Each structure stands twice: as structure tokens, then as C-alpha cells.
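First to last, the sequence lines map onto chains A and B. For the first sequence, the working numbering assigns the number 1 to the initial residue and increments by one for each residue that follows. For the second sequence, the working numbering assigns the number 398 to the initial residue and increments by one for each residue that follows.
Hints are computed from structural coordinates only; laboratory data are not their basis. Please note: incorrect hints may appear among the correct ones.
[Unchecked claim] So these bits of chain B aren't anywhere near chain A, every CB distance computed over 10 Å: (1) A480; (2) A485; (3) R500.
[Said to hold, decoys possible] Covered by chain A, according to a simulated footprint, are these stretches of chain B (three or more residues, beta-carbon under 8 Å): (4) 464-472; (5) 520-532.
[Unchecked claim] Ranges of calculated distance between the beta carbons of each label pair, as one might list FRET restraints: (6) R209/A <-> I456/B: 39 to 45 Å; (7) P551/B <-> S393/A: 31 to 37 Å; (8) G477/B <-> E247/A: 24 to 30 Å; (9) G477/B <-> T272/A: 44 to 50 Å; (10) T550/B <-> R209/A: 39 to 45 Å; (11) R582/B <-> R392/A: 31 to 37 Å.
This one's a predicted model, so the numbers in the text were calculated from it and none came from an experiment. Don't be surprised by glycine CBs; every beta carbon is placed ideally from N, CA and C.
Each chain, written out:
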Amino acid sequence: MLVEESPPSDSDESTDEELVPRQSVTLFSPPESLRLESGKRLGPITVTYETYGTLSPERDNAIFICHALTGDAHVAGRHKSNDRKAGWWDGFVGPGKGIDTSRYFVVCANVLGGCQGTTGPSSLNPATGRPYGMEFPFITVADIVNVHKAVIDHLQIKKLLAVVGGSLGGMEVVGWAARYPDHLHAAIVLASAPRLNAQAIAFDKVGRRAIVTDPCFHNGDYYGHPEKPRFGLALARMIAHITYLSEQSIETKFGRRLQGSVELAYDLQKETEFQIESYLDYQGKRFVDRFDANSYLALTRAMDYFDLEATHGPLQTCLGATAARFLLLSFEDDWLFPTAQSRTIVRALVEAGREVTFAELPGGHGHDSFLIDAQFPLLQRFVEPFLDATYRSVRSE
Amino acid sequence: MCAKRLYMPDPSAAVTDDLLMAQIPRGSRVVDLGCGDGRLLQRVRDDNDCNVLGVEVDIEQMVAAISRGIPVVRSDLDQGLQAIPDGAFDFAVLSQTLQQVHRPLALFDEIFRIARSALVVVPNFGHWRVRLQVALSGRAPVTDSLPYEWFETPNVHFLTMLDFRDLARRGNFRVVRELPVIGDRAVDRAWAANLRAHSALFVLERAERSKT
Numbered sequence: 001m002l003v004e005e006s007p008p009s010d011s012d013e014s015t016d017e018e019l020v021p022r023q024s025v026t027l028f029s030p031p032e033s034l035r036l037e038s039g040k041r042l043g044p045i046t047v048t049y050e051t052y053g054t055l056s057p058e059r060d061n062a063i064f065i066c067h068a069l070t071g072d073a074h075v076a077g078r079h080k081s082n083d084r085k086a087g088w089w090d091g092f093v094g095p096g097k098g099i100d101t102s103r104y105f106v107v108c109a110n111v112l113g114g115c116q117g118t119t120g121p122s123s124l125n126p127a128t129g130r131p132y133g134m135e136f137p138f139i140t141v142a143d144i145v146n147v148h149k150a151v152i153d154h155l156q157i158k159k160l161l162a163v164v165g166g167s168l169g170g171m172e173v174v175g176w177a178a179r180y181p182d183h184l185h186a187a188i189v190l191a192s193a194p195r196l197n198a199q200a201i202a203f204d205k206v207g208r209r210a211i212v213t214d215p216c217f218h219n220g221d222y223y224g225h226p227e228k229p230r231f232g233l234a235l236a237r238m239i240a241h242i243t244y245l246s247e248q249s250i251e252t253k254f255g256r257r258l259q260g261s262v263e264l265a266y267d268l269q270k271e272t273e274f275q276i277e278s279y280l281d282y283q284g285k286r287f288v289d290r291f292d293a294n295s296y297l298a299l300t301r302a303m304d305y306f307d308l309e310a311t312h313g314p315l316q317t318c319l320g321a322t323a324a325r326f327l328l329l330s331f332e333d334d335w336l337f338p339t340a341q342s343r344t345i346v347r348a349l350v351e352a353g354r355e356v357t358f359a360e361l362p363g364g365h366g367h368d369s370f371l372i373d374a375q376f377p378l379l380q381r382f383v384e385p386f387l388d389a390t391y392r393s394v395r396s397e
Numbered sequence: 398m399c400a401k402r403l404y405m406p407d408p409s410a411a412v413t414d415d416l417l418m419a420q421i422p423r424g425s426r427v428v429d430l431g432c433g434d435g436r437l438l439q440r441v442r443d444d445n446d447c448n449v450l451g452v453e454v455d456i457e458q459m460v461a462a463i464s465r466g467i468p469v470v471r472s473d474l475d476q477g478l479q480a481i482p483d484g485a486f487d488f489a490v491l492s493q494t495l496q497q498v499h500r501p502l503a504l505f506d507e508i509f510r511i512a513r514s515a516l517v518v519v520p521n522f523g524h525w526r527v528r529l530q531v532a533l534s535g536r537a538p539v540t541d542s543l544p545y546e547w548f549e550t551p552n553v554h555f556l557t558m559l560d561f562r563d564l565a566r567r568g569n570f571r572v573v574r575e576l577p578v579i580g581d582r583a584v585d586r587a588w589a590a591n592l593r594a595h596s597a598l599f600v601l602e603r604a605e606r607s608k609t
């Protein structure tokens with residue numbers, strides 16, 4: 001009943017791993033439209049999402065996962081048996097894993113403004129028949145959350161067991177709690193913040209500058225051109241990627257090791273000498289193959305604008321309005337979303353008399369720690385009993 | 398290695414919990430500093446209908462508390478309680494933990510920043526058996542309730558009931574009530590408590606005093 005518009009699954013289903021279908025739904029079709037936080041209206045909006053596990057007859061075991069800036073709806077598993085890589089959180093979401101899909105029904109949807117199946121700047125504007133490009137309206141985290149709430153309504157889920165997310169995803173989680181306080185039993189916020197700090201805005205700025213000054217950017221209207229602003233987008237990704245790691249993690253992984261050589265070349269023409277340089281080049285290249293520059297501009301701006309208090313009033317009031325239980329985890333070596341920012345949320349929740357569990361974990365991989373396989377066992381130790389206790393209390397209500 | 402040289406009642410036993418429970422009115426806001434597996438807070442929440450929060454540094458213990466559905470904030474008591482806002486609680490519980498804190502006065506500053514009252518259970522090293530053991534064996538005391546050799550013990554301070562009263566004179570709080578635990582029960586007025594009690598519960602309140 002819930003599966004619709006799924007593409008026909010590939011004939012090759014010989015593996016024992018269950019393949020995950022991509023699903024999509026079109027919402028806010030005329031005469032309806034979504035009223036954006038900016039005041040503009042947008043519609044129709046197509047949302048790509050994936051689900052894992054089975055929704056209970058009581059419809060009380062649904063967990064919504066909010067992906068991070070450049071993530072997508074493909075959390076776990078594979079679309080085709082020969083997919084090289086599984087979903088972005090495959091080590092954490094699945095049967096018997098941190099978020100156990102044999103027990104919970106997990107939903108993840110690509111964000112509004114994204115480029116992985118949900119309506120964004122690279123989608124066709126029905127009014128013109130051409131990609132939106134710069135015509136795409138300005139979107140915010142609140143708009144992203146509103147669209148995802150519409151997906152949950154579409155799935156006929158009244159109240160989510162939990163909303164889970166890291167980084168931008170964590171901002172969406174607190175946004176959910178403030179906006180839809182009666183529609184979630186628990187909130188899990190990883191490496192996130194109630195607002196983006198100036199340092200993070202500064203890095204976003206440099207990334208956007210790299211994109212808009214790329215000669216192939218054409219003021220955002222590059223879709224008809226053979227060349228996309230690849231260099232700018234790659235550079236934006238390289239800068240951002242540095243902010244996701246920690247000094248120690250790249251020191252351990254690369255140190256001062258040279259790329260394909262044992263000695264220094266003393267040659268300014270040689271652009272890549274150290275392994276870390278080669279790694280960043282690779283990250284940049286890989287990124288431009290899967291991401292749209294205009295989406296990057298739109299989503300980083302949505303993050304920059306995010307300030308829960310500015311939108312909803314004091315944290316203790318806007319987060320105190322929900323009876324949801326909170327779990328927040330931060331990482332010691334995350335300098336992009338420092339622990340103090342998570343602590344601000346914790347203090348507000350304690351002040352409001354809400355249930356909040358919080359720990360700063362060692363991390364070891366900076367801001368990205370919540371996405372790193374080596375961290376999953378420790379994450380699981382918190383998330384699994386937290387979800388279990390939440391589900392037990394929901395069931396005993 | 399000999400760990401237990403003499404018998405004293407288990408301080409984590411139900412007697413301490415009962416004693417603490419009895420001090421906490423229904424519906425209070427309670428923070429347990431060093432909450433362990435959250436056992437006490439679960440009772441305080443379920444039986445006394447209190448709003449609770451645990452503070453614990455050990456991840457293993459913290460996970461046990463989360464499994465009970467108890468909210469816990471991970472924090473080292475020696476590092477302060479930055480995650481907790483001023484005046485957020487009616488009661489702070491510090492049960493068999495003070496002897497492990499490096500700077501007790503600094504912790505009491507934090508406790509009375511976040512809470513109005515404190516319920517502090519401390520082991521009493523003034524107990525006659527401990528005194529006898531030290532006198533006869535010539536060694537640092539090791540008890541059932543504090544079963545550690547001196548070089549591996551988390552207990553960095555050894556105090557008696559008399560010592561705690563001294564601390565109260567220097568801290569930002571006053572002792573409202575003192576309940577020595579003798580055998581398996583707390584006694585309101587006991588003779589020679591400092592000799593007979595293996596631990597004691599102190600009910601403390603914030604004191605406004607001029608700083609010199």
C-alpha cells in the first residue's frame with residue numbers, strides 16, 4: 001500500500017541481500033502549493049524517499065532519518081545487486097544494527113532543494129519547461145522539514161517514534177521538534193547546533209564563492225551548457241571536506257606522506273605532491289559527478305539561515321513545547337559544530353524540564369564522526385537503548 | 398590481592414536509596430550526580446513522580462541508565478556541570494561520590510548553582526572498625542563498601558562526619574540535617590555517631606554568606 005511509483009526492480013535478485021526500491025511521491029500539486037518561509041510559493045514538489053523494515057499495524061514504529069548536507073534518501077542497502085556501494089549509513093541502519101530495521105520502520109527522504117530526486121534547482125520548472133536554475137526559490141530548513149512532514153502524512157504516520165539526524169540533519173530534527181511538537185516521541189541529534197555559527201558560515205561563503213566565480217557557472221543557468229561549473233563545485237567540496245575532518249584524523253591517515261613518490265619534486269608545476277592533496281582532489285572530483293552546484297548554493301544558504309531561536313523564540317520555550325525525549329551526541333574533535341553548541345540545546349531542555357540525554361564522545365574523525373564505520377559500535381550503545389526505552393514507553397501508554 | 402579487610406554494609410544497598418527517597422517530596426526536580434545505572438532515579442521518578450536527570454561519566458553505567466529510560470548527561474564532576482543551567486533542580490543527590498571528587502568545594506559551588514538543596518551521602522572513615530584497622534594493621538583502610546587498595550582507589554579523600562561538618566563551615570551551604578547510617582538504618586539522633594556510623598546522609602541548603 002505504501003509502495004508506489006517504485007521503479008521495476010532489476011531482474012537480478014539472486015543475492016540474499018534485500019534490494020531497496022527508490023520511491024517517490026508528488027505533493028503540493030495544484031491547486032495546492034507549499035508556502036515557503038520566504039513567503040513565496042512552490043509546487044508541485046516531488047520527493048524521493050526510501051523505506052526499510054515494516055510499519056507496525058499500530059503505525060507506531062516509524063523513524064524518520066534526516067540526511068546531512070550532501071546526503072540522499074539512500075540510507076542503507078543497495079538498489080541493484082551490483083551496486084558498488086551501499087547507502088550512506090548502511091553500517092548503522094539495518095537488521096540488528098544501531099537503528100534496527102527488523103524492529104523499526106525507517107524512512108529517509110531527499111531534502112527540498114537537493115539534487116537526488118527531490119525537487120530542486122536542477123528539476124524542471126513546470127512553468128517554463130526548463131530547469132529552475134536561479135529561478136528556484138530560496139529555501140530554508142523549515143521548508144525542508146515541512147516537505148518531509150508532508151511525506152510522513154502521505155505515509156499515514158501520525159506520530160513518529162523518532163526523528164534522527166546529524167549536522168544539517170540534526171538542525172532538521174530540532175526544527176521538527178519545534179514545528180511539530182506533537183508528532184514525535186523522540187529526537188536524536190548528532191553533531192549539530194541550534195544555529196550555524198559564524199565560522200561555518202565563513203566556510204560556506206568560500207565554497208559558494210568558488211562556484212559562482214567558475215566561468216561555467218553562467219549565473220546558475222548552466223544546465224544547457226556542455227560544461228558545468230565543475231571546478232568551482234569541486235573546490236567548494238574540498239574546502240568543506242577539510243572542515244568535516246579533524247587535524248588528528250588527517251594526520252593519522254595521511255601525515256606528510258607523498259603521493260606516488262618518495263622525495264619532494266621541487267617543482268611548482270607539480271600540483272599534487274602530498275597524499276592529502278590527492279585525497280582532496282579525489283573528493284572534489286567524485287562530488288561533482290553526483291551533486292548539482294545550484295543545490296549546493298541553496299542548501300548551504302539554508303544552513304546559514306538556520307537559527308531556531310530567531311524563527312521560533314527562546315530554545316527552552318520552542319523545544320519545551322514537545323514532550324519528546326531527546327538524545328544529543330557531539331564529538332570532542334568536531335570543530336565545525338563544537339560540543340558547546342549541542343550543550344546549548346541540552347541546557348535549554350533541562351531548563352524546560354524535558355528529558356534529555358547527552359554525551360560528548362571522543363569522535364576521532366571530527367564532524368564526520370557520526371558517519372564513520374569505526375564509530376558505529378559506540379553510537380549504537382547510546383542509540384539502541386534510547387530507542388528501545390522510547391518504544392517500550394510508547395507501547396505501554 | 399586482599400581487597401576486603403573488614404565488613405561494612407554495602408552503601409549502594411536499598412537502605413541508602415530508601416533514606417534518600419524519604420527526603421525527596423513528590424514532584425520535585427532531582428539531579429543525581431554520579432547516578433550510576435540510574436536505579437535511584439528510576440525509583441524517584443516512578444514512585445515519587447519526580448522530574449529526574451542523571452549525571453554520569455562512565456559510559457557503561459550511562460548506557461544502563463538509558464536502558465531504564467532515565468535521561469543522563471555525561472559529565473565528569475571535576476569538570477563542572479556546564480550542561481545544567483542555574484537553579485534547574487530542587488535537589489542534587491551526591492551519594493557515595495564526594496570522596497572521589499578532587500575539589501569538593503568547587504563541586505559544591507556547582508551544586509548550589511543548579512540546585513536549592515543537596516542530599517549528600519558520604520562514607521564515614523571515623524567508624525570504629527576503620528580506626529581499629531588503621532591502628533592495628535598500620536595500613537590504609539580497605540572496607541567492603543570501599544574495597545580498593547590505596548594505589549588503585551577512586552577515593553581521593555578520606556573523611557569523617559566531623560570533617561564534613563568542617564567543610565560545611567567553609568562552603569556555600571549549611572547542614573540542615575544529619576542522618577548517620579548505623580547498621581542498616583539511618584538514625585536521627587545517635588550517640589557517638591562518628592564512631593558508629595559507616596556512612597551519613599547530610600541534607601544541605603544553599604547559604605548566602607558574605608565572601609571575605
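Right, here's what the structure says about each hint:
1. A480: 5 Å, violated
2. A485: Not fine: 5 Å to the nearest Cβ puts A485/B too close to chain A.
3. R500: With a cut-off of 10 Å, R500/B remains clear of chain A, as the shortest Cβ separation is near 21 Å.
4. 464-472: Holds: 7 residues of the segment 464-472 of chain B have a Cβ under 8 Å from chain A.
5. 520-532: violated (count 0)
6. R209/A <-> I456/B: 39 to 45 Å: 42 Å, holds
7. P551/B <-> S393/A: 31 to 37 Å: Given range 31 to 37 Å: holds, Cβ gap about 33 Å.
8. G477/B <-> E247/A: 24 to 30 Å: 26 Å, holds
9. G477/B <-> T272/A: 44 to 50 Å: 46 Å, holds
10. T550/B <-> R209/A: 39 to 45 Å: 58 Å, violated
11. R582/B <-> R392/A: 31 to 37 Å: 35 Å, holds
Consistency with the previously given hints fails for numbers 1, 2, 5 and 10, ordered from lowest to highest.
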